[in-house]
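Q: Chain by chain, the residues:
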Amino acid sequence: MSMHNPNESSKALQKAAAKSLKHERKDLKPGGLRTWWSDRSRFQQWMVLLVPVVLAFLLPVINPPFITTEPGNDFAITCFNMAVYALVALGLNVVVGMAGLLDMGYIGFFAVGSYVAALWTSSDSTMIHIPYLWTLPLAMVVTMVFGIALGIPTLRLRGDYLAIVTLGFGEIIRILATILPPLKGQSGFQNIGAPPGSIDGQPIFFTTNGLPWYWLTLVIIIIVTILLGNLERSRVGRAWIAIREDEDAAETMGVPTFKFKLAAFATGAALGGLSGALMAGQVGFVNNQKFDVQTSVLFLAAVVLGGQGSKLGAIVGGAIVAYVPMRFTEIANYKFLIFGIVLVVLMLFRPQGLISIRAKLLTFGSRIRRFVRKDQDGSPSRAGRRSSIEPGAEEA
Amino acid sequence: MDSWLTFDFGVFTDPGLFLSTIFDGLTLGSIYALVALGYTLVYGVLNLINFAHSEVFISGAFAVSFFLTALGFGASAPNLPLGLLVLDLVLAGLVAMAVSALVALAIERIAYKPLRDKGAPRLVFLITAIGMSFVIQYLFFLWRGPSPEPKTKMFVPKPIFDIFGGIIDSLQLTIVIAAVLMMICVDQIVGRTKLGRGIRAVAEDPDTATLMGVNKERIIMATFVIGGALAGAAALFMMMKTPDGAKYDGGFILGIKAFTAAVLGGIGNIRGALLGGLLIGVIGNFGAAFLGNAQWTDVIIFAVLILVLMIRPTGILGSNLGKKRA
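Sequence order for the protein chains is A and B. For the record, in the first sequence the residue sitting at position 232 is 231 according to numbering that gives the first Met the number 0, with numbers rising by one throughout. For the record, in the second sequence the residue sitting at position 147 is 146 according to numbering that gives the first Met the number 0, with numbers rising by one throughout.
If you are wondering where the hints come from, they were derived from the structure by calculation, not from laboratory data. Don't take each hint at face value.
Claimed, not checked - Chain B stretches covered by chain A per the calculated footprint, using a threshold of three residues with CB under 8 Å from any CB of chain A:
hint, stretch
1, 122-128
2, 135-148
3, 171-185
4, 293-299
Unchecked claim - Some, not all, of what chain B presents toward chain A, calculated at C-beta under 8 Å:
hint, residue
5, Leu114
6, Gly118
7, Leu308
Given the structure is predicted, the values throughout are model-derived calculations rather than measurements. Using N, Cα and C, we set each Cβ at its ideal position, and we do this for glycine too.
Could you build all of it, start to finish, from the sequences and the hints given here?
A: Okay, here's the thing in structure tokens:
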């Protein structure tokens, strides 16, 4: 589902550019699947992607044995949880994976989004009520404001301060939810709204019916993935990668780092809020529990496990982190320990995660490939010159 | 709608309450300061926020709890002769310091050393630190469960001084004096000994220090050991104040507070850690008393952290141990 071409293997490119163009195909072989993928036209790529997407939609309907989480947990609701975690991981991936900022308080944004949905739709709230679907964009706006308010004082500093400030932020949101009377602490908000629609007088979106919620979240994930893909290929995405790779160099080259870091932080925050509002809708109840910082670390584990900077990785990582405790209920109590160990072990042995982004300069990766292609009927010397761009895309 | 906040001005107008709040804040603050030193030393030498330091601290607290329980301490303070009590507490402190130092050293060797050898980027270090903190926390959770260890009350505080109604008791006096003495020791070690010179050299420029014959790895290990031992001592003092403080996640919030203290005083600055710790203790205590709920302490301290970062990121005293930071 990744929207950038994941095939832009920089090492393969270097070889391709340096060696004789006649042997280009052979040289690219290490890329394997990636090479094949990049050779498809855009339309063909979409058609191929359709298969896993349709499968993902049908997953709870098929309810495959071995994979299913029943009888322990309802499989449709598990799928919904996986989708929400995937969305969370997508959002956090923008902050951690793309811009290289360590946000440890992501649960805070998730909580704010949940409370936005609760405050504006719950029957326990005295605020003005609005239709549930309106709370989704509202949650994004509100969390974005929180993100910017938190980002402005801290993003001017180096990343490690950001980590601890956001860690504090996550905890503070939880404490405020406990001690501020309007947020109702542990008694919380019940009867949170849901999208409209009913069949035979039975509402479609019901808390025990995970299927429509899952589908709604999948649609949102697809939209978000496409939008993020476009963002990544734009000036913004290039700026984020530049900041992640070397902030000082980026600043020197004229990238307004603070502005783009803030943009990444706000984008991530908005997606966190969106996920929180979705989760609040499905569960139908929000209180001050479950917004602990430990969950933030789970979110981080999802991004790191999937592969920082990779959208497909974020989706896979998020789904795994949500799926494992619900499928293997006997080890559910150990989930924090397991994913903590996963974090350390991955950092020590495979920091790029399950799905690594081989080419860091995604945009230029595809362009270079195209140049190399053209050179097949052009002068070979051009290809030699192109290779001078390559070192920038090194060290995947 | 009931009112969001209630303000209690009594804490400012009643001199007895005012002074008590200060004394209690200073007590808490000296505990924060000891933990903050661990953050500051490691940050100075490695330029790394050791997130797992809060778990180093809580390991010490568990050690104190186990040791004192084995000696027969319980929910009510034992009636021991003073000399024996002091001996027990000193032994408990030494055990806690040893355990914490070992945990800190283990974290360094298991998690940070391999990354340093690889020259991993900062983000990788930070994520590893968080992962380590998480792993240790949940090992304690699996081992000892979600509830705190049984109380080990050490002694009943006796009032010693009475200043305009503000009472200073024996507990507060013990903690503050012991903590300040330890900090003076560390300050002298770093300022005057050969080891301290090595620490300062590595903090200034690790590569040049290595060229000048400083054994960088040994210095780093020594730094973790010193920081860990101080956290162990802080754990003993914390257990004196709250006898049921040994809980799997008990280090987390204290860690954030201590880090705030380190940043407020100037991270990498040893005297800054003391100043920051004492200030944070007093500010947090006043906030809690003024707003009538102890949970506000965390919110206020966090707000202080953000304010400091906005106005003076190098802290009150600036950093003199570490490198210049952007």
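Q: So, for every hint listed, does it hold in this structure?
A: Okay, the hints, checked on the actual structure:
no., hint, result
1, 122-128, "holds (count 5)"
2, 135-148, "holds (count 5)"
3, 171-185, "violated (count 0)"
4, 293-299, "holds (count 4)"
5, Leu114, "holds, 7 Å"
6, Gly118, "violated, 11 Å"
7, Leu308, "holds, 6 Å"
In summary, the structure is inconsistent with hints 3, 6 from the numbered list given earlier, while agreeing with the others.
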